[in-house]
Structures are given as structure tokens and as C-alpha cells.
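> Heads up: the protein sequence lines correspond to chains A and B, in order.
The opening position of the first sequence corresponds to residue 1 in our numbering, with each subsequent residue numbered one higher.
The opening position of the second sequence corresponds to residue 1 in our numbering, with each subsequent residue numbered one higher.
Heads up, a few of these hints could be off.
Stated by the list, open to error - Facing chain A, from chain B, some residues (calculated, C-beta under 8 angstroms):
id, residue
1, L20
2, G23
3, G161
4, A191
5, W213
6, L215
7, L257
These are computed hints drawn from the structure, not numbers from a lab.
In this text, a Cβ means the ideal position worked out from N, Cα and C, and glycines have one as well.
Number of protein chains: 2
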Amino acid sequence: MNVGFIGTGVMGKSMAGHLLAAGHDLVVYNRTKGKAQELLDAGATWSDTPQGATSDRDVVFTIVGFPADVEEVYFGSDGVFASASDGVILVDMTTSRPDLAVRIAETAEAKGLSALDAPVSGGDVGAREARLSIMVGGPEKAFATVKPLFELMGRNIVLQGPAGSGQHTKMCNQIAIASGMLGVCESMAYAKASGLDPEVVLKSIESGAAGSWSLSNLAPRMIADNFAPGFYVKHFIKDLSIALESAEALGLETPGLALAKAMYERLAEQGGEDLGTQALYKLY
Amino acid sequence: MNVGFIGTGVMGKSMAGHLLAAGHDLVVYNRTKGKAQELLDAGATWSDTPQGATSDRDVVFTIVGFPADVEEVYFGSDGVFASASDGVILVDMTTSRPDLAVRIAETAEAKGLSALDAPVSGGDVGAREARLSIMVGGPEKAFATVKPLFELMGRNIVLQGPAGSGQHTKMCNQIAIASGMLGVCESMAYAKASGLDPEVVLKSIESGAAGSWSLSNLAPRMIADNFAPGFYVKHFIKDLSIALESAEALGLETPGLALAKAMYERLAEQGGEDLGTQALYKLY
Chain A
1 MNVGFIGTGV
11 MGKSMAGHLL
21 AAGHDLVVYN
31 RTKGKAQELL
41 DAGATWSDTP
51 QGATSDRDVV
61 FTIVGFPADV
71 EEVYFGSDGV
81 FASASDGVIL
91 VDMTTSRPDL
101 AVRIAETAEA
111 KGLSALDAPV
121 SGGDVGAREA
131 RLSIMVGGPE
141 KAFATVKPLF
151 ELMGRNIVLQ
161 GPAGSGQHTK
171 MCNQIAIASG
181 MLGVCESMAY
191 AKASGLDPEV
201 VLKSIESGAA
211 GSWSLSNLAP
221 RMIADNFAPG
231 FYVKHFIKDL
241 SIALESAEAL
251 GLETPGLALA
261 KAMYERLAEQ
271 GGEDLGTQAL
281 YKLY
Chain B
1 MNVGFIGTGV
11 MGKSMAGHLL
21 AAGHDLVVYN
31 RTKGKAQELL
41 DAGATWSDTP
51 QGATSDRDVV
61 FTIVGFPADV
71 EEVYFGSDGV
81 FASASDGVIL
91 VDMTTSRPDL
101 AVRIAETAEA
111 KGLSALDAPV
121 SGGDVGAREA
131 RLSIMVGGPE
141 KAFATVKPLF
151 ELMGRNIVLQ
161 GPAGSGQHTK
171 MCNQIAIASG
181 MLGVCESMAY
191 AKASGLDPEV
201 VLKSIESGAA
211 GSWSLSNLAP
221 RMIADNFAPG
231 FYVKHFIKDL
241 SIALESAEAL
251 GLETPGLALA
261 KAMYERLAEQ
271 GGEDLGTQAL
281 YKLY
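Pulled out of the complex, with its shape left as it was, chain A reads as follows (with noise of 0.2 angstroms):
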């Protein structure tokens, strides 16, 4: 197929491989070229505009990072909006907005164009290695048409109902994950306060109703003081400062998620934002 790909960041650069690895035409687009070089390499065509990576195209992906970029990529005066032609399917994999989803949705139909949101899960690694769990939100054909895509990038790939609800879907799994990353931190923080070693309480705990991928994947990283960003701070900020505007726009009260929102904050506040989610630990 004849794929647009805007947005070549550690996530886009690795999906976007997939994609050329797997004989489609790519056009790419990124704000940062140097970001695109290793795919220019690998045969894909380079656009100057988001415009250009949509022209002709049949399936346009971005992934940006906020949802003002995803504003500007979308209806900027030079961008997907501004010539998007009949019948082709717009997909965002950015974790963004739910409303704004709907807003592009819309004006893809009104324009007789389809879309989908589908944010992923997964990580830098998971992108690599195309084992990216891939959230959708949008009508069913335009997602029938774009699975055998996503199938390349990842393994589990659910359409969760009309627009909106891939980002929906995504703000359930941070939201799950930002108060159980409190429950870890203050568990590991415990057990050093009393005087235990973390590793060894690991030990009991972690194949338990204790037991979480957070708890199995970070409280390691906790505990060697190694704060490297898997996913960064600011990164989940972002998201969580989204999950919390929707549960209240929803009439949702949400006191976890209000405080590991909170509790991120500090830690941006205190120069945290460029570390790994784990560095919450140190806030204990």
C-alpha cells in the first residue's frame, strides 16, 4: 500500500520500519529530518510537510508527541486536512485527546475520509520488536482495511468501538497503571524503612495478588537506583493530565489518579521530568 508516515520518533521510526521492511511505499514526514534518516536509507521518500505525506497516500500514521501537535499535523495550513483525498484513512497513534479524536473523526467524515485513534502500549521495545499492543478506536472497515498494518507493528490489536475509545482505552491502562506505580514505590519504600531488603520481600510478594508488571519490571529498577527513562516522566504527566480532564468531563472522580498525577508533578518540579516513571520512588 501506498502508507504516509508522519512522525519518526524512538516509537514511529521503529513501527514505521516495520512498514517498509514489509514492501509497502513509504512517504515520511518528521519535524526533525535527522529523526527519518535511517528510513530515508531504507527506501523511504521524504516529504517537507505533513501535506505531502498525506497526497496520493491510502493510509496516513502519525505519532507525535502532544496533542497540539497532533492539532497542527492534522489542521495546520499545510497539513493532512489540507489535502487528504477521498477515501483515504487517517490513523493517530499518539496517546491523545479523546475529544480530539472524535474532532478529526469528524472532519474526516465530512470530508469522506475515515479515521481511527490508535494509541499503543508497549514502549520503545515493544515498537522494535512489533509486539505493541494497539488500542482502536473508529469504524470497522476503515480498521479492517488497516489491520493487516497494525499487524505489523504489534500482536494485540483490539478495536474498542467508535472514535474516541483507542484513546479511551489508553487512559484506562495508565490510569491503572499511575496508582498501582504508588502502591509499588511506597511498597519498596516500606520495606526499606523497616529495615528489609527490597529484593528478598520481592521475592514474596511479587507472584502474589501483590504481583504487577510494574512491580516485576520496576521495582528492580527502584531498588538499583536506576532511573533511566523506559517511559518518560513528562511523557506520563501528559497522559495522566489527560485521563484526569476526561474522568472529569465524564462526571468521574478519580482521588487515585488525582494524587499519582500530583505526585508526578512534584517530581517534574524537583527535575525529575527527563527520568523513567520508577524515579517516583524517589519521591519516598
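Following the hints, position chain B against chain A.
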């Protein structure tokens, strides 16, 4: 070995049963005799007091309700310490206060006895199937003697350190669970509020970074309005109260734990104390 077993509730009954089945000589005491009947039918001997279940025993296990019950069983006028003779090993498997475990150990030592604190996780099913995780504090020598008996009750048996370390480890376990439950409840509540199908959301999120024992095992019960007790809210509140007091005594701030405890107390005030911990979902 000659074993005393004090506390034949849901957990204790199964645990004592494994010891009896392995051929150990068992004297049992329980506040309500009826709950020990199955063990008596299977060959255990009844005692009318904790003291009687301690005399001439090599090892005495206790697993009762609250720290106040532990105190009564050990320090009461017809309690364990009233008759325990030289060399006997006392093993409290109740989830109880770490400082009480230390006091029992010190009293034991002064009398020429040894004590272990050895709370468990794994619930009634784990007790029945001898799959408990047993977190032990106390001297190595006593641990080595009792270990073959622990192995009849559980699979993951770890000596965590000196007296109190078993209780502290159990607190680490409960602390990780507590905030994690906030995340699971809020994730599922968000899914529902945003119009998603929570069961389909689980397909997207449970195998990734949001994954946890609670998400996989308790979220489906929340969704199905199944609030039957696996682990009682009232017992979880007991554990969280011990954890929070103990954290405070250690000078550790645990805002996630404090929030979770407050939420569970609100649930209990609304009549939920005899429900399972997944009933926290009802607050959302």
C-alpha cells in the same frame, strides 16, 4: 512432631489439616469449637485453652483475627506463654503488628523459647491447595526446624530477617495491593463511564504494563457485579491500618496507602465491610 494449632478459621483449618494429613500429632484450640470439628474428626485432639494447645508441643502455630486476639492468645492468663516450655517454637501466622511480633519474640527469648512471625498470602484457596506464600521473621535455627511444616502449607517460603520481618513483608504486600486496587477500580470505572466495554478493554490492557493480579482476577468480578468476599474488606482495613501506623512509626509518608485506607473505610461505613476487596469499585 507434636504440634499445637490455635485458630481454626477458614485459613487455619486448611493449614492444620495439611499438618494432620502428613502424620503430625495435633492439639487444636479455637474460640468457637465447632470450627475445629472437622480437624477433631480427622484425629486432632481438642484443648479448651491456648495454654493447653501449647503444653508439651514442639511447635505451636497461631492464626487468629486481630492483633488484640494475638495478644490475648499469647499473653492472656491461659495463653501460650502461661505454659510454653523450654525449646518450643511459637509461630504466629496471623497478619498482625510488626511491633507485637517483636514483643512476642523478646518475651519468648526471655523464657528460653523461640518465636517466628509468619503471615501468609494466597487466601483461602491458597491455604486449601497448600500454595501459600509464607513470609517469615525470626531466628534462622527456628526457621530451619519449622520449614518442613511450612512446606506442607505453602510453596513460597522466605525468611525475610529478624523478628517482625515477616509482618513487615506482609505490609509491603498489602501496601502494593492497596493503591493498585484504586488504579484497577478507576480504570474500570473510566471504561464504563466513557462508553467502552470493560471486558474488551481488559483484552487490550491486562497483558501489558497495566497488568496486575488484581486487574486479571478482580476486575472481571467488578464488571460482573460480583462482590462476594475472596478477601474481606474489614480484614483489609485491619491490614491497612497496621501498615499505615507502622509506616508512620518509621517516619515514612505513604499518601497512596492513606488514600486507599480512607476509601475502604468509606466503603465499610456504607455497609461494605463483609464484601470482598473488589467492592471498592462500588464507590465509583
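> Next step is simple, just say for each hint if it's right about the structure.
Against the structure, the hints come out as follows:
{"no.": "1", "hint": "L20", "result": "violated (25 angstroms)"}
{"no.": "2", "hint": "G23", "result": "violated (28 angstroms)"}
{"no.": "3", "hint": "G161", "result": "holds (6 angstroms)"}
{"no.": "4", "hint": "A191", "result": "holds (5 angstroms)"}
{"no.": "5", "hint": "W213", "result": "holds (4 angstroms)"}
{"no.": "6", "hint": "L215", "result": "holds (6 angstroms)"}
{"no.": "7", "hint": "L257", "result": "holds (6 angstroms)"}
In this structure, the hints that do not hold are numbers 1, 2, in rising order.
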